[in-house]
Amino acid sequence: MDQFEPKIVAFVCNWCTYAGADLTGTSRLKYAHNVRIIRFPCTGRIDFLLLQQAFAKGADGIIVSGCHPNDCHYTSGNFHARRRWMVFRQMLENMGVEAERIVFSWVSAAEGAKWADLVNETVESIKKLGPYHKYQDMAKSLEEWEVTHE
Amino acid sequence: MNKLKEKAKELLSSRAVQVVVGYEEGTGGKIRPAFVSRPEDADKLLYNADCHHNLALYLYKHETKRIGKMAVVAPPFVLRSILILTTEFQLEEDSLVVLGVTPEEELIEFANFKEIETWVNQHPIGMKEKDREMLNRLNAMSRDERWQFWQNEFSKCIKCFACRGTCPMCSCFRCTVDYNAPQWISVGSHQLGNFDWHLMRAMHLAGRCSVCGQCGEACPMDIPVHLLSFQINEDIFKMFGSRAGLTLKKESLLSTWKSNDVENFIR
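Top line first, the protein sequences correspond to chains A and B. Position 122 (the first sequence) corresponds to 617 in my numbering; numbering is contiguous. Position 126 (the second sequence) corresponds to 130 in my numbering; numbering is contiguous.
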């Protein structure tokens with residue numbers, strides 16, 4: 496059997512982490528290719544429903560990253576996001592979702608190396624956890640439903 | 005509860021309010037919400053421990069606002085709901101007469117919302133024994149057991165949205181679940197659609213729940229949906245030291261922040 500290659504979706508903010516990931520590339524730093532980056536204006540814009548969607552569409556892990564506290568382009572988007580993630584993580588925990596599959600981080604535009612490390616570490620930890628079958632099996636109910644309700 | 009009836013009569017006959025929202029006896033020995041607009045009907049109003057409907061639900065709807073000024077019979081959880089709705093700009097103080105009722109079934113009148121704030125802070129609401137036990141059971145479970153528990157519960161869900169319909173905090177004219185472009189939550193009542201719905205509902209109520217438990221009460225499939233809100237309410241108290249419905253400060257938990265919020269998971 497082939498080795499398990501996790502699918503990671505990264506929700507990043509335009510101003511810090513996306514620029515940071517750019518720097519990783521221009522610095523010629525190699526990192527795991529499992530990550531699909533989705534650019535947002537701000538971490539404050541990242542709705543928790545997007546994370547639910549990512550898992551339902553087959554992601555095994557999720558990265559959410561933006562500007563460090565006090566560095567937000569819009570002053571307070573990341574502070575709002577921080578509260579939201581504090582509550583959301585706890586909510587997932589309460590409902591039995593494997594919350595450690597979502598990795599939160601602050602990566603600035605100058606931290607190209609940190610981005611590479613973050614992705615590599617996340618890929619490693621998700622490889623250990625394995626595919627997120629539980630959530631993906633639950634998501635199959637949608638396909639079945641669509642077939643019977645055509 | 006004669007005092008309540010007298011007060012309602014007085015308010016209606018003096019035309020101080022157009023309608024009193026309260027409780028009456030329904031069919032099959034059950035209690036139901038009542039809208040009393042004539043003084044002679046005020047005698048059917050009652051209050052006892054079985055009155056579980058959260059009447060704050062009716063205070064901001066188009067249909068009831070059109071009637072005119074309202075008075076509401078308000079047990080402690082309705083008082084809390086009124087404070088939350090006020091901080092969210094859904095209610096105005098002068099549109100409402102609040103007839104508070106204590107768990108001891110006594111009438112208390114409030115001159116203004118500030119007095120309600122003081123009262124609810126002096127009289128905390130305890131959780132029902134049954135709910136407390138269930139939360140303890142859930143917390144003692146492993147995470148996989150919790151996942152299984154909620155998957156089993158959600159498999160019963162028929163997406164009737166009674167939990168939403170009965171909750172005064174679900175005050176949006178159009179709910180996220182009703183959007184189809186983009187469609188956030190699949191409409192069918194299959195495992196994924198049900199899970200997404202309940203997670204979203206609980207998240208949208210986080211930090212805004214008055215802990216009345218009416219969502220679980222309304223569920224025709226007996227899913228204990230209220231436990232999701234009860235548990236996060238406890239967690240939020242641990243994390244941020246605040247509970248919803250105890251203040252008139254316009255600081256909804258997830259629409260404000262502090263620079264020193266402490267988390268332990270962001271790298």
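I should point out that these hints are in silico values taken from the structure, not numbers from a laboratory. Mixed in with the good hints, there may be bad ones.
Claimed, not checked - Calculated pairs, DSSO-like style, for lysine-lysine (alpha carbon to alpha carbon, straight line, at most 27 Å):
(1) LYS635/A with LYS525/A
(2) LYS262/B with LYS635/A
(3) LYS163/B with LYS629/A
(4) LYS635/A with LYS160/B
(5) LYS552/A with LYS262/B
(6) LYS609/A with LYS262/B
What you are looking at is a predicted structure, and each value in this text was computed from that prediction instead of being measured.
A quick look at each hint next to the structure:
Only pairs whose Cα atoms come within 27 Å are accepted, and LYS635/A paired with LYS525/A is rejected, the gap being roughly 35 Å. At roughly 40 Å between alpha-carbon atoms, LYS262/B and LYS635/A are farther apart than 27 Å, so this suggested pair is violated. Using a Cα cut-off of 27 Å, the hinted pair LYS163/B and LYS629/A holds, with the two alpha carbons roughly 22 Å apart. At most 27 Å may separate the alpha-carbon atoms for a hinted pair to count; LYS635/A and LYS160/B meet this at roughly 17 Å.
A C-alpha spacing of about 34 Å is found between LYS552/A and LYS262/B, which places the hinted pair above 27 Å, so the restraint is violated. A threshold of 27 Å between alpha carbons decides the hint, and for LYS609/A with LYS262/B the separation of about 26 Å falls inside it, so the pair holds.
Hint compliance for this structure: hints 1, 2, 5 are broken, all remaining hints hold.
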